[in-house]
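Trainee: Here is what each chain is made of, one letter per residue.
Number of protein chains: 2
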Amino acid sequence: MVKKVYGVGVGVGDKKLLTLKALEILKKVDKIFIPISKEGKKSIAYEIIKDYVDGKDIEELLFPMIKDKEELKKYWENALEKVLKEDGEVALITIGDPTLYSTFSYLWKLLNEKGIKVEVVNGISSIFASAAALNIPLVEGDEKLCILPQGKDLEKYVDEFDTIIVMKTKNLKEKLDKIKDKDNYIVGLVRRATFEDEKVAIGRLDELDFDEFNDYLSLAIIKRVKE
Amino acid sequence: MVKKVYGVGVGVGDKKLLTLKALEILKKVDKIFIPISKEGKKSIAYEIIKDYVDGKDIEELLFPMIKDKEELKKYWENALEKVLKEDGEVALITIGDPTLYSTFSYLWKLLNEKGIKVEVVNGISSIFASAAALNIPLVEGDEKLCILPQGKDLEKYVDEFDTIIVMKTKNLKEKLDKIKDKDNYIVGLVRRATFEDEKVAIGRLDELDFDEFNDYLSLAIIKRVKE
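Going down the list, the sequences are from chains C and S.
Take 1 as the starting number for the first sequence in full-length UniProt numbering and just add one per residue.
Take 1 as the starting number for the second sequence in full-length UniProt numbering and just add one per residue.
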């Protein structure tokens, strides 16, 4: 039976944003599990670490991007089974940080239920890498921030929070279109922060072109313009 | 005049949570500025990196923890002056990530206004390190998260968000006491995540002992109990 499972955040596109600890763990574990969303499709997380883990025992785990929870559960159970049957210490890698909307969180819960030792190794999240790419802070002083996946309840909160992050959607334009008085907001759009094909735009909401920001790794940072 | 300023996030207490990039930048810059909150007081950020930067040119910048903005502005202007008069590339280090409630953000703005080249190097934030220490994800699936500094508007949002982080206060107990129906929430308390004197507690809000969580580097993660 597996002795310990590390949930390792490998950060965003820039390989140098890996932490010293993540690198140490990836080099010492007996096996690295990498998430893929479709058979034959490349794992983004693996692309980030592959130069560091030459010769390692690597195994793919299939986590398709489907919404049906019962259907998904089969894939988690299947992944769990593969992980449990290992002998030593293993790592499962995930982009960003393992605590924020991560593929790892479902498996994490199942491992905890089984009493398996789990250690999360934090990684750089796209929310921070995106703010850095835009050259703006997310929040300062006593400002409030919220993260609304798929822009859920955006109209309700857009005037109550200083900074709003909309992520986990391929359609930022449609989500942000619901905001009224578009002139009151400065919006930063970031696609694939720190990857080679990173793209950023910033400006008043009504002046932005969303065309190149329709990727699952795109996000929007919305700030109310203050007087 | 200074050529480039790096705002480097050095993460939390564990020195190994530094990124490869942060380490590379700290080794190559001509000078490292370190924030202190009081003359003669140790810089937490410097404690994290000092083993890696032996022999480097280090200079302290005083950023006192006061609320008067006019008074604070003098310290920022003074820091700016010191940074500007350097010749080459310099780094200013900050705990956590430079985009989230960071000491760096004020200087960042002034540097941008002066047209000085700034590059932010992301670091591991205490919000992620705390969730890892508690062995729980912050958010999964389509859950909404908010960060309320000093617990601002906590009563209003506590039932609207799946996860709420209260930080930047020395008095978590007083802030969380405002929540009604305390039995409906699981709360994780973390003091100084990943530092040697890290302390964690998790449980129903009405059962928690806040005694050891009254430090400025303590935070609370509040999750509504779901049926």
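These aren't lab readings, by the way, just hints derived from the structure by calculation.
Keep in mind that a hint or two might mislead.
Same chains, same label: a pair holds when it works inside one copy or across any pair of copies.
[As the list claims (entries may be wrong)] For lysine-lysine, the following BS3-like pairs were computed, each having C-alpha atoms within a straight-line distance of at most 25 Å:
#	residue 1	residue 2
1	K117	K74
2	K38	K223
3	K173	K82
4	K38	K182
5	K4	K173
6	K16	K3
7	K226	K69
8	K50	K16
9	K74	K180
10	K85	K156
11	K180	K156
12	K199	K109
13	K16	K27
14	K175	K117
15	K82	K38
16	K144	K67
17	K3	K69
18	K50	K15
19	K168	K114
20	K109	K144
21	K175	K16
22	K178	K42
23	K182	K50
24	K180	K50
25	K144	K182
26	K144	K168
27	K42	K69
28	K15	K42
29	K199	K156
Just so it is clear, the structure is predicted and the values come from calculations on it, not from any experiment.
Trainee: Hint by hint, note whether the structure agrees.
Mentor: Results of checking the hints against the structure:
1. K117 / K74: within (22 Å within a copy, 50 Å between copies)
2. K38 / K223: neither (36 Å within a copy, 32 Å between copies)
3. K173 / K82: Neither. Shortest intra-copy (40 Å) and inter-copy (43 Å) distances fail the 25 Å Cα cut-off.
4. K38 / K182: Answer is neither: 38 Å inside a copy and 43 Å across each miss the 25 Å cutoff.
5. K4 / K173: Result: close neither inside a copy nor across copies, 43 Å intra and 35 Å inter.
6. K16 / K3: So K16 and K3 pass the 25 Å test across copies only (22 Å; inside, 29 Å).
7. K226 / K69: Only across copies: K226 and K69 sit 16 Å apart there, 42 Å inside one copy, limit 25 Å.
8. K50 / K16: both (12 Å within a copy, 20 Å between copies)
9. K74 / K180: neither (42 Å within a copy, 39 Å between copies)
10. K85 / K156: Neither: 47 Å inside a copy, 46 Å across copies.
11. K180 / K156: So K180 and K156 pass the 25 Å test inside a copy (11 Å) and across (23 Å) alike.
12. K199 / K109: Answer is between: at 22 Å across copies they meet the 25 Å cutoff, but 35 Å inside does not.
13. K16 / K27: both (16 Å within a copy, 14 Å between copies)
14. K175 / K117: neither (40 Å within a copy, 33 Å between copies)
15. K82 / K38: within (17 Å within a copy, 53 Å between copies)
16. K144 / K67: between (30 Å within a copy, 17 Å between copies)
17. K3 / K69: neither (28 Å within a copy, 53 Å between copies)
18. K50 / K15: both (9 Å within a copy, 24 Å between copies)
19. K168 / K114: For K168 and K114, the Cα distance exceeds 25 Å both inside one copy (30 Å) and across copies (36 Å).
20. K109 / K144: between (29 Å within a copy, 19 Å between copies)
21. K175 / K16: Intra 33 Å, inter 39 Å, cutoff 25 Å: neither.
22. K178 / K42: Neither way: K178 and K42 sit 34 Å apart in one copy and 48 Å across, limit 25 Å.
23. K182 / K50: Neither: 43 Å inside a copy, 47 Å across copies.
24. K180 / K50: Answer is neither: 45 Å inside a copy and 49 Å across each miss the 25 Å cutoff.
25. K144 / K182: Result: close both inside a copy and across copies, 20 Å intra and 23 Å inter.
26. K144 / K168: This pair counts as both: shortest intra-copy Cα distance 20 Å, inter-copy 11 Å.
27. K42 / K69: within (24 Å within a copy, 50 Å between copies)
28. K15 / K42: within (16 Å within a copy, 32 Å between copies)
29. K199 / K156: neither (28 Å within a copy, 36 Å between copies)
Checked against the numbered hints given earlier, the structure breaks hints 2, 3, 4, 5, 9, 10, 14, 17, 19, 21, 22, 23, 24 and 29 and satisfies all the rest.
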